[in-house]
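Colleague: Go ahead and model the full structure; you've got the sequences and the hints to work with.
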Amino acid sequence: MKLQKANKYNILANHARYSKKDDENAVSIGHGRRTFKKLMPADTVYVTSVRHPASQFESMYKYYKLSNRFGVNIRQFAKSPLKYFVKSKSESKRLRQSGVNPMLFDLGLKKKYLRDANRIKRKIREIENNFKLVIIVEYFDESLILLKDMMCWEFLDIAYFTVNARIEDEIEELSQDSKDNLTAWNEGDMMLYNHFNKTLWRKIEKFGFERMESELEIFHGVIDPLKDICLNGNKHIHGGKTKILKYEAKRMPSSEDNYLCKSLTRKPQEYLEVLRKKMKTMYRM
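Just so you know, we're using this note's numbering here: the sequence shown kicks off at 881 and counts up by one.
Because the hints were derived from the structure by calculation, they are not lab data. All of these numbers come straight from a predicted model, not from anything done at the bench. Fair warning: there could be bad hints in the mix.
[To be verified] Capping the alpha-carbon separation at 30 angstroms, the derived lysine-lysine pairs in BS3-like fashion look like this: (1) K945 / K990; (2) K990 / K969; (3) K888 / K1142; (4) K1001 / K942; (5) K1059 / K990; (6) K888 / K1157; (7) K917 / K945; (8) K1028 / K992; (9) K967 / K992; (10) K917 / K991; (11) K1059 / K1107; (12) K917 / K959; (13) K1157 / K1028; (14) K1086 / K1130; (15) K918 / K942; (16) K1130 / K1142; (17) K1147 / K888; (18) K945 / K1028; (19) K1147 / K1012.
[Said to hold, decoys possible] Okay, the calculated beta carbon distance ranges per label pair: (20) D923 / N998: 32 to 42 angstroms; (21) D996 / R914: 46 to 56 angstroms; (22) E1128 / V1017: 17 to 27 angstroms; (23) I1051 / R1091: 28 to 38 angstroms; (24) Y1139 / P921: 18 to 28 angstroms.
Where a beta carbon is used, it is the ideal one built from N, C-alpha and C, also for glycine.
Modeller: This is the structure in structure tokens:
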């Protein structure tokens, strides 16, 4: 299939490994700028997100069922990450997940460099130069305010409900020792996180702390009424072995409101199906 020359996408917001350069082996390297430029307008800006490595690794361990790969639960893995990592590499050469510094891996750093301090520093500089904003998940709303300002959007453009989040019972409670060990194991991701956490707060300082507080108040004043408007109070737990919380949207009399409420409560997989159908109109066989 070929993309029609007259059409370009407005936003690409899906799982995609990033690489500054294109490579024939896209699975191991990622999608480069050349590939993205074929799909996106010339003035496209690049945005990504990072979170604290300990919580990110716990989430990834559960999502990718890494207990099957390493043969132990995450608490046991955290006691001796290198031992289980080396053992798993010796048993299989074709591993899709890195098992160490996964955020750097998703941002295009090759597996063989994931524990190379100089390569990690070089990758962080590359991300700094190529991404207009790196969202910090622990300061998600502050990051969204900066995104809104950067893109000249309105508050409604960044409104969201938390969907696809695991129920509390699904989140592994880790001891401080386990968290510290996982943070040390993912030292490269911690370097990445610390760098862009500092960068975010420099941007917030430039934006203005009082202005940020004011805009956060307005933003929450937009989201809270939407919960009353859109949600009927019913919550569903879905998923296989991992249980996910889902909200149910009210059926609204206005088609515009109905679309907004459905969009805010739609699961990622449902969104993908909607977008796939929409994208077919942009392709020709």
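Colleague: Now look at each hint and say whether the structure bears it out.
Modeller: For each hint, the structure was consulted:
1. K945 / K990: Holds, because 22 angstroms separates the two Cα atoms, which is no more than 30 angstroms.
2. K990 / K969: holds (15 angstroms)
3. K888 / K1142: holds (25 angstroms)
4. K1001 / K942: holds (28 angstroms)
5. K1059 / K990: holds (25 angstroms)
6. K888 / K1157: holds (16 angstroms)
7. K917 / K945: Given that 30 angstroms is the threshold and the Cα spacing comes to 34 angstroms, the pair is violated.
8. K1028 / K992: At roughly 37 angstroms apart (the allowed maximum being 30 angstroms), K992 and K1028 break the hint.
9. K967 / K992: Status holds; Cα separation ~16 angstroms.
10. K917 / K991: Distance ~25 angstroms between K917 and K991 Cα, so the pair holds.
11. K1059 / K1107: violated (34 angstroms)
12. K917 / K959: Violated, because 44 angstroms separates the two Cα atoms, which is more than 30 angstroms.
13. K1157 / K1028: holds (28 angstroms)
14. K1086 / K1130: Judged against 30 angstroms, a Cα distance of about 40 angstroms means the pair is violated.
15. K918 / K942: Measuring from Cα to Cα gives roughly 35 angstroms; hence the hint is violated.
16. K1130 / K1142: Cα-Cα ~8 angstroms, so holds.
17. K1147 / K888: holds (25 angstroms)
18. K945 / K1028: At roughly 35 angstroms apart (the allowed maximum being 30 angstroms), K1028 and K945 break the hint.
19. K1147 / K1012: Holds, because 27 angstroms separates the two Cα atoms, which is no more than 30 angstroms.
20. D923 / N998: 32 to 42 angstroms: For D923 and N998 the Cβ distance comes to about 33 angstroms; the hint holds.
21. D996 / R914: 46 to 56 angstroms: violated (25 angstroms)
22. E1128 / V1017: 17 to 27 angstroms: holds (25 angstroms)
23. I1051 / R1091: 28 to 38 angstroms: Given range 28 to 38 angstroms: holds, Cβ gap about 34 angstroms.
24. Y1139 / P921: 18 to 28 angstroms: Since Y1139 and P921 have Cβ atoms about 24 angstroms apart, the given range 18 to 28 angstroms holds.
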